[in-house]
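**Q** Next come the chains, spelled out residue by residue.
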Amino acid sequence: MVLVGPSGCGKTTSLRMINRLVEPTEGTILLGGADIRARNPAQLRRGIGYVIQQTGLFPHRTVEDNIATVPVLTGWSRKKARDRARELLTLVGLDQDLARRYPHQLSGGQQQRVGVARALAADPPVLLMDEPFSAVDPVVRASLQDQLLSLQAELRKTIVLVTHDIEEAIKVGDLVALFRPHGTLAQLAPPEELLAAPADDYVAGFVGFDRGIRRLSFVRTAGLVLGTGPVLPADATVAKALAAGEPWILITDPQAGTPRGWADAARLGALPGDTTLGQAAAEPLGHTFTVGTDSLRAALDAAVLSPAGQAVGVDGDGRVLGVATFDQLRVAIQAADAADDREGPRS
Amino acid sequence: MMWSWIPGNWSLIWQLTWENLKLGVLPALYGLVISLPLGIIAARWRWFYPPTLTVVNIVYAIPSIALFVALIPKFGLTDTTVIIALTVFSLCVILPNVVEGMRGVPAAVTQAATAMGYGPLRRLALVELPLAIPVIIAGLRVGVVSSISLASVGQLIGVSSLGYLFIDGLQRSFPTEIYVGLVLVIVLAIICDLILVAVRRALTPWLARS
Chain A
1 MVLVGPSGCG KTTSLRMINR LVEPTEGTIL LGGADIRARN PAQLRRGIGY VIQQTGLFPH
61 RTVEDNIATV PVLTGWSRKK ARDRARELLT LVGLDQDLAR RYPHQLSGGQ QQRVGVARAL
121 AADPPVLLMD EPFSAVDPVV RASLQDQLLS LQAELRKTIV LVTHDIEEAI KVGDLVALFR
181 PHGTLAQLAP PEELLAAPAD DYVAGFVGFD RGIRRLSFVR TAGLVLGTGP VLPADATVAK
241 ALAAGEPWIL ITDPQAGTPR GWADAARLGA LPGDTTLGQA AAEPLGHTFT VGTDSLRAAL
301 DAAVLSPAGQ AVGVDGDGRV LGVATFDQLR VAIQAADAAD DREGPRS
Chain F
1 MMWSWIPGNW SLIWQLTWEN LKLGVLPALY GLVISLPLGI IAARWRWFYP PTLTVVNIVY
61 AIPSIALFVA LIPKFGLTDT TVIIALTVFS LCVILPNVVE GMRGVPAAVT QAATAMGYGP
121 LRRLALVELP LAIPVIIAGL RVGVVSSISL ASVGQLIGVS SLGYLFIDGL QRSFPTEIYV
181 GLVLVIVLAI ICDLILVAVR RALTPWLARS
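Protein sequences appear in the order of chains A and F.
Just so we're aligned, residue 1 is where the first sequence starts under our numbering, counting upward by one.
Just so we're aligned, residue 1 is where the second sequence starts under our numbering, counting upward by one.
By construction, these hints were calculated from the structure, which means they are not laboratory data.
Treat the hints with care, as some may be off.
Which chain A residues stay away from chain F? Per the calculated CB distances, all over 10 Å, these [as the list claims (entries may be wrong)]:
no.	residue
1	S143
2	A197
3	I213
Sample of chain F residues at the chain A side, in silico, Cβ under 10 Å [to be verified]:
no.	residue
4	V69
5	T78
6	T80
7	R103
8	P106
9	A107
10	A113
11	L124
12	V127
13	A189
14	I191
15	C192
16	A202
17	P205
C-beta atoms are modelled at their ideal positions from N, C-alpha and C, and glycine is treated no differently.
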C-alpha cells in the first residue's frame, strides 16, 4: 500500500496515525481488527516497524545494536538480539563486517538498508515507511526499491509506504492511494488501474503524460506474436539471408542460439553470396527482452533502441525466440487493452 | 624568583592545591546535577527556558565577592559559602549546554526512538542524554576551569585555596609565591580539563573515528 501525493497533502500524517505518533481527531484505525487506541502506544509501536527518510539511526550505537533495538526493548537477551541483527544484515544485502561500525561510517544507501533491517528486527507484521528512499541517489534508490520488492515477496508483510514520487508508488505498490492537497483522497487503486483509468484530471495530471507507456509495464509479453523471418545463424550464407527478403537480418550464434547483432541487408548485398553471416559486419543489439517475464514496456523499449526497429525476444537462457516489429507490438497492446489485462509481471 | 621557597613549603602548597581542587570540582559537579533536570525540562517545554536563562544570566552578572557577602549571614565564612556561590556560577555555563545538547539530538532520531516503542524516560536515558554528552561535557569543562580560577577569590573571606599564595605574596611583596600560585591554578585547570576530555572520549566511542 503506497500513499502518494504532493507536499502537505497529509500522507505522512496519515502514516503516523497508524503508530499513534499523531492521534486522529475523529475516526477509528483498526489493526488486525482491533482499535489501535485501545493499546499502550509504546507496546503498539514495538509491533510496527518504522523506516524514515533520514533513517533516524542512533548515531551512538553500532549497526548491530541499532538493528537489535526493538528485540532488546521487548526483552530479548543482548546475545540473541545481536545474532538476529546479523541475520537481518544479510537479509537486507549488507556485509556482516558492518555490524560493528557506527552509522556515520556507512553510505546513505547502506544506512537506509540498516534502517529497514532495524524495522524488521522484531518481525512485526506491519511496516511503516516514510519516504524511505528519497534521500539517496537514483541508482541506489532503484536498487533499494528492487530489494524491497524481493523482501516483500519473501516476508509478506503489510507495508504502508509514503512517497511523493508517483514512479516509486507505481513500481512498489500493490495498491496506491493518491492524495489531493489538503488531505483528501483522489483515488485508491492498483497502480495499473491508476494508469489505465485515472479517476479525474487531477489524477491523470499527477500520474503524468506518459502513463500510456508506463502502463505497459503491467502487460506481459506472453501473448506477443514473434516473427522468425529475419533470424539466421552466423554460419548461414549471405545469399540465404538476402533470399529472406528482410531489410535487417538478426545473426545468432549457431550453437547457443543467442543473438549476436543486426546486419543491414543493403550492406550484405555488397558481399559475395557465399560469405557467411559471421564474417559480415553486424550492429549491436541494444537490449533484448525475455518473452513471458518481461513487460511490453521492455519489449517496446528494445524495439526503439534496436537499429532494425525490432525487439529481440529471448527465452530464459538467452536463446532467440523471434523478433517483434512495432506493428506486432501495437497489435499486442491493443489486444491487452481489449482483454483489460490487469495481470502484470509484478513481483 | 626564589626557588628554594618551594621545597620549604611543600605541605602548604599541597594542602592549598587540594583545597583549590575541591572548590573547583565540587561546584561544577553540583552545577551539573542541578542543570540536568532543569535542562531536560527546558529542552522539553520550551517556554521554560527563556525565563530560566534570564535568571541564570542575571545571577552570573553578580560579582562573586558580592555573592559571598550575601551568603555569609546564612553559612558563615566557610567552604559551603564558596561552594554555593561557585555552584551558582557554574550552573550558568552548564545549563545552556545541557539545553543545547538535548536540542541538538536530531529530530529524526528522537522520532525513530518513539516510533520503535521507547517510553519518554527510556528515550531520555538511552538516546537523548548519551547523544547530548559531548555538548554537556563541553559546558562542564568551562564550569570546572572557571570554578578552579574563581576559587581563589574565596580567600578574601578566609576560605583557603591557592588564592592564599596571591594574597600572602602581595602582602609580603614576595612574587615567588604569586608565581607558584598562578602556575598551580593553571596546571590544575589544564589537568581537570584533560580528564574531562578523556571522560568524554570514553563515553562517546562513536565519535572516535569521524
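**Q** Does each hint fit the structure? Answer for all of them.
**A** Status of each hint after checking the structure:
Interface exclusion of S143 (chain A) from chain F stands, the closest Cβ pair being 22 Å apart, more than 10 Å. No Cβ of chain F approaches the Cβ of A197 (chain A) within 10 Å, the least distance being about 36 Å, so the stated non-interface status holds. A cut-off of 10 Å between C-beta atoms confirms that I213 (chain A) is not in contact with chain F; the least separation is 37 Å. For the restraint placing V69 (chain F) at the interface with chain A, the shortest Cβ-Cβ distance is roughly 45 Å, beyond the 10 Å limit, so the hint is violated.
A hinted interface residue such as T78 (chain F) counts as satisfied when its beta carbon comes closer than 10 Å to some beta carbon of chain A; here the least separation is about 42 Å, so the hint is violated. For T80 (chain F), the interface hint is violated, the least distance from its beta-carbon to any beta-carbon of chain A being 38 Å, above 10 Å. Annotation: R103 (chain F) was flagged as interfacial toward chain A, and the flag is violated, the nearest CB pair being 15 Å apart, outside 10 Å. Interface hint status for P106 (chain F): upheld, as the beta-carbon distance to the closest one in chain A is roughly 7 Å, under 10 Å.
Look at A107 (chain F): its Cβ gets to within about 8 Å of chain A, closer than 10 Å, so that hint holds up. Checking A113 (chain F) against chain A: minimum C-beta separation of about 7 Å stays under 10 Å; hint holds. The beta carbon of L124 (chain F) comes no nearer than 14 Å to any beta carbon in chain A, farther than 10 Å, and the hint placing it at the interface is violated. With 10 Å as the threshold, the beta carbon of V127 (chain F) comes within range of chain A, its nearest partner Cβ sitting at about 6 Å, so the hint holds.
With a cut of 10 Å, the hint placing A189 (chain F) at the interface with chain A is violated, because the nearest CB-to-CB distance is about 29 Å. Interface restraint check: I191 (chain F) against chain A, minimum CB-CB distance 27 Å, threshold 10 Å, status violated. For C192 (chain F), the interface hint is violated, since its Cβ never comes within 10 Å of a Cβ in chain A; the closest pair sits about 25 Å apart. Hint status for A202 (chain F): violated, given a least beta-carbon distance of 13 Å to chain A, over 10 Å.
Annotation: interface hint on P205 (chain F) holds; nearest CB of chain A at approximately 8 Å, less than 10 Å.
Violated hints, in rising order: 4, 5, 6, 7, 11, 13, 14, 15 and 16; the structure is consistent with all others.
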